[in-house]
Amino acid sequence: MAATEVQAGATTRTSRMRGTSPLARYGSVLATLVTLVLVFVIGSTRYTGFLDSQTILNLFIDNAFLIVLAVGMTFVILTGGIDLSMGAVMALSTMVTARLLIAGWAPGPVIAAVLLLGCVFGVGVGLFIRVFEVQPFIATLAAMFLARGLCFVVSPNSLSITDPFFVSLSQSRIRLWPTGTAFDGRTLYAFISPSVIVALVIVAIAAWVLHATRFGRTVYAIGGNQGSAELMGLPVARTQVLVYVVSGVCSAIGGLIFAMYSLSGYALTGVGVELDAISAVVIGGTLLTGGSGFVIGSLLGVLVLGTIQTIISFEGTLSSWWTKIVIGALLLVFVVLQRLLIIRRRT
Amino acid sequence: MRSLTRSKVFWPLVALVALLAVNVVARPGFLGVRMQDGHLYGSLIDILRNTSPILLVAIGMTLVIATRGIDLSVGALVAIAGAVACTQIAASPTPGSASTVLIAIGTALLVCLVLGAWNGFLVSVVGIQPIIATLILMTAGRGIAMLVTGGQITTVNSPLYKSIGAGFLLTLPVSAIIAGVVLAATALLTRRTALGTLVESVGINPEASRLAGVRARSIIWTVYVFSALCAAIAGILISSNVTAADANNNGLWIELDAILAVVIGGTSLMGGKFSLTGTLIGAFIIETLRITVISLGIAPEVNLVFKAVVVILVCLLQSPVVQRKFRARRRAVAQEHGEAVEVVA
Chain A
1 MAATEVQAGA
11 TTRTSRMRGT
21 SPLARYGSVL
31 ATLVTLVLVF
41 VIGSTRYTGF
51 LDSQTILNLF
61 IDNAFLIVLA
71 VGMTFVILTG
81 GIDLSMGAVM
91 ALSTMVTARL
101 LIAGWAPGPV
111 IAAVLLLGCV
121 FGVGVGLFIR
131 VFEVQPFIAT
141 LAAMFLARGL
151 CFVVSPNSLS
161 ITDPFFVSLS
171 QSRIRLWPTG
181 TAFDGRTLYA
191 FISPSVIVAL
201 VIVAIAAWVL
211 HATRFGRTVY
221 AIGGNQGSAE
231 LMGLPVARTQ
241 VLVYVVSGVC
251 SAIGGLIFAM
261 YSLSGYALTG
271 VGVELDAISA
281 VVIGGTLLTG
291 GSGFVIGSLL
301 GVLVLGTIQT
311 IISFEGTLSS
321 WWTKIVIGAL
331 LLVFVVLQRL
341 LIIRRRT
Chain B
1001 MRSLTRSKVF
1011 WPLVALVALL
1021 AVNVVARPGF
1031 LGVRMQDGHL
1041 YGSLIDILRN
1051 TSPILLVAIG
1061 MTLVIATRGI
1071 DLSVGALVAI
1081 AGAVACTQIA
1091 ASPTPGSAST
1101 VLIAIGTALL
1111 VCLVLGAWNG
1121 FLVSVVGIQP
1131 IIATLILMTA
1141 GRGIAMLVTG
1151 GQITTVNSPL
1161 YKSIGAGFLL
1171 TLPVSAIIAG
1181 VVLAATALLT
1191 RRTALGTLVE
1201 SVGINPEASR
1211 LAGVRARSII
1221 WTVYVFSALC
1231 AAIAGILISS
1241 NVTAADANNN
1251 GLWIELDAIL
1261 AVVIGGTSLM
1271 GGKFSLTGTL
1281 IGAFIIETLR
1291 ITVISLGIAP
1301 EVNLVFKAVV
1311 VILVCLLQSP
1321 VVQRKFRARR
1331 RAVAQEHGEA
1341 VEVVA
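In order, the protein sequence lines correspond to chains A and B. Going by the working numbering, the residue at position 181 of the first sequence is 181; the numbering climbs one at a time, nothing skipped. Going by the working numbering, the residue at position 269 of the second sequence is 1269; the numbering climbs one at a time, nothing skipped.
If you're looking for bench data, these hints aren't it; they were derived computationally from the structure. Among the hints, erroneous ones may be present.
Just a few of them, taken from the derived set where beta-carbon distance is under 10 angstroms, the chain B residues facing chain A [claimed, not checked]:
#	residue
1	L1122
2	Q1129
3	I1131
4	M1138
5	G1141
6	G1143
7	A1145
8	L1147
9	V1174
10	L1260
11	M1270
12	V1305
13	V1309
14	C1315
15	P1320
Pair by pair, the computed Cβ-Cβ distance ranges are [what the hints assert, rightly or not]:
#	chain 1	residue 1	chain 2	residue 2	range
16	A	V120	B	I1294	23 to 33 angstroms
17	B	A1328	A	G227	23 to 33 angstroms
18	B	V1181	A	I197	55 to 65 angstroms
19	A	T48	B	V1126	37 to 47 angstroms
20	A	T187	B	V1126	36 to 46 angstroms
21	A	V131	B	G1127	29 to 39 angstroms
22	A	V131	B	A1332	19 to 29 angstroms
Please read all numbers here as calculations on a predicted model, not as lab measurements. Glycine included, each C-beta is placed from N, C-alpha and C at the ideal position.
Generate coordinates for the entire structure from the input sequences, incorporating the hints supplied.
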């Protein structure tokens, strides 16, 4: 069975390698960018105030945690895997953060503990997949059940966070540029939250790791063709475990951001958010078979999802379920587009 | 004995028996089944009835997975089937009449058939990976179900419709009979004809099977339609049991439970092989686990932790590494006893 897989992988690979012109390489990301602009144009022609700089910045503020999750998911999907446990691990992180803060821990150790938790989950899932050859889908599904169940063990109720450090972070606004004057004469500023900076720094680090380090090249190589990567002597086993550590840590960071954003820990936080992350990654042009894609595309994917949500909330009369239908339709368009690109390159 | 322990369904069966044993210890009357109001009554009968929807979805999923596919959209299809059937019955002036119920069920099945054909089209003709092709309907499907119900929870007042999910026939739950019939029909169709082998061959290598004259495309298309049909029946059972179509919650995460049931039952996600018996046991394990956690007096939400533990254990026991260890030990023992060593494929 392994042999057939390698063969199937090899045929699609050669076809993809042929398209090395910049347009072909970045075509999928460009398509996402065009979509984002298009969605914005639709929004701005329909509603005044849609193109307000703060509306755009709010996209980043509201989706900071999703950006971080999408970055982690990109690593996993690039190797041809999938991580269904991200939403649950994120929820567990919010719970542990809240519980430890209530128990009187200082913020520093709490953050370290939560990051360690994400790490442990990642290592566990990675070893499960690598050593015991359990499919990523099932292994991360088990991790999802485990993490979600542990949330309820920590507490079935919502825990509020009153720690001064977290509260001050959640309320702090980083002023960017003046946008006008309020009625009482104060100057208004466009602002972002600290979580946006964290998210963008993580995107930058991820892009650097993927494109400038040996680990990053191995990630692409595994997704391209695992058999070849192993024959080339690349550290496939280590890298495969490490990508789940990356996604685990990203889930933990997402959880910290979400805990700061909502100032609470709740067991049902982020149910189904892993699907949003997968959608964002796919809309961002990363192939689910692995080997091709960029974190920047995932960032754009998150922004597309966020903008659609903003439009539907601006509309007011549109019911919330249209969000799901539109995102589904958008996924379809992108997947078919990717498919056509691959077919065209092959011929 | 040795062939028994080597059987794919051995470990799942052990897990199921162990779970039942835990229940017997916790509640000595657990296995008791008695007649009440003209039908059988007891925990085992409850398990039988509550397993039916998961089992139905899992039967369809088994064939999809056998072709190396996956169908994430079944949960949404469950919601859509319930929504279509319930809105029709609720809108009808005669909700109790047989024709209304039959037409409602017919339309629900038809709608899901079309959606299944859509999934099949995306996978077999357009060539999109199954996980993402069905993710589209998984995301959009609940939105469609809400569109059908208008965002409301549509309740129906139809004794006939209720009897499908909650009624009894010949002292057995109707839903269990329906699931049993579907299972038996699927087993006959796949194991007594060449269909099962063809499905497996497509799972092993679609291109090679096509060259060998197997109509791989039609087979892949068919399994997605079949999976949608199974999900539709499950959706009718669920909405009938609660006499309501709740677009948000009917069949929520049932796709994951069904996939788990299939995998616990020994069918690999890599395709090429399937076991309907295994799926049956897997579905029972998932439902029994839920009942066990409740009967042990643990908060139902913590059920997830136990589910995770069972999945991890069963997957570990079935994993190639552990299986090799088992085999090596078995061989060593056999050699000690001076027996002929079998060649293990």
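Structure-based check of all given hints:
The criterion of a C-beta within 10 angstroms of any C-beta in chain A is met by L1122(B), whose closest approach is roughly 8 angstroms, and the hint holds. The criterion of a C-beta within 10 angstroms of any C-beta in chain A is met by Q1129(B), whose closest approach is roughly 5 angstroms, and the hint holds. Hint status for I1131(B): holds, given a least beta-carbon distance of 7 angstroms to chain A, under 10 angstroms. Interface hint at M1138(B): satisfied, since its Cβ lies 7 angstroms from the closest Cβ of chain A, which is below the 10 angstroms cut-off.
With 10 angstroms as the threshold, the beta carbon of G1141(B) comes within range of chain A, its nearest partner Cβ sitting at about 8 angstroms, so the hint holds. At a threshold of 10 angstroms, the smallest CB-CB gap from G1143(B) to chain A is about 3 angstroms, leaving the interface hint in force. The criterion of a C-beta within 10 angstroms of any C-beta in chain A is met by A1145(B), whose closest approach is roughly 8 angstroms, and the hint holds. For L1147(B), the shortest C-beta to C-beta distance to chain A is roughly 6 angstroms, which falls under 10 angstroms, so the interface hint holds.
For V1174(B), the suggested interface contact is broken, since its CB lies about 31 angstroms from the closest CB of chain A, more than 10 angstroms. This hint holds: L1260(B) has a C-beta 7 angstroms from the nearest C-beta of chain A, less than the 10 angstroms allowed. Annotation: interface hint on M1270(B) holds; nearest CB of chain A at approximately 6 angstroms, less than 10 angstroms. Proximity of V1305(B) to chain A holds as hinted, the smallest CB-CB distance being about 3 angstroms (cut-off 10 angstroms).
A least Cβ separation of about 8 angstroms between V1309(B) and chain A falls short of the 10 angstroms threshold, and the interface hint therefore holds. Interface restraint check for C1315(B): the shortest CB-CB distance to chain A comes to about 5 angstroms, inside 10 angstroms, so the restraint holds. Among the interface hints, the one on P1320(B) holds; its C-beta lies about 5 angstroms from the nearest C-beta in chain A, closer than the 10 angstroms criterion. About 30 angstroms separates the C-beta atoms of V120(A) and I1294(B), a value consistent with the hinted range of 23 to 33 angstroms.
Separation of A1328(B) from G227(A) is about 26 angstroms and conforms to the stated range, judged on CB atoms against 23 to 33 angstroms. Taking the beta carbon of each, V1181(B) and I197(A) are about 60 angstroms apart, inside 55 to 65 angstroms as hinted. At about 40 angstroms, the beta-carbon gap between T48(A) and V1126(B) stays in the expected band of 37 to 47 angstroms. In this structure, T187(A) and V1126(B) break the distance hint of 36 to 46 angstroms, their C-beta atoms being roughly 54 angstroms apart.
For V131(A) and G1127(B), the hinted distance range of 29 to 39 angstroms is satisfied, since their beta carbons lie about 33 angstroms from each other. In this structure, V131(A) and A1332(B) meet the distance hint of 19 to 29 angstroms, their C-beta atoms being roughly 22 angstroms apart.
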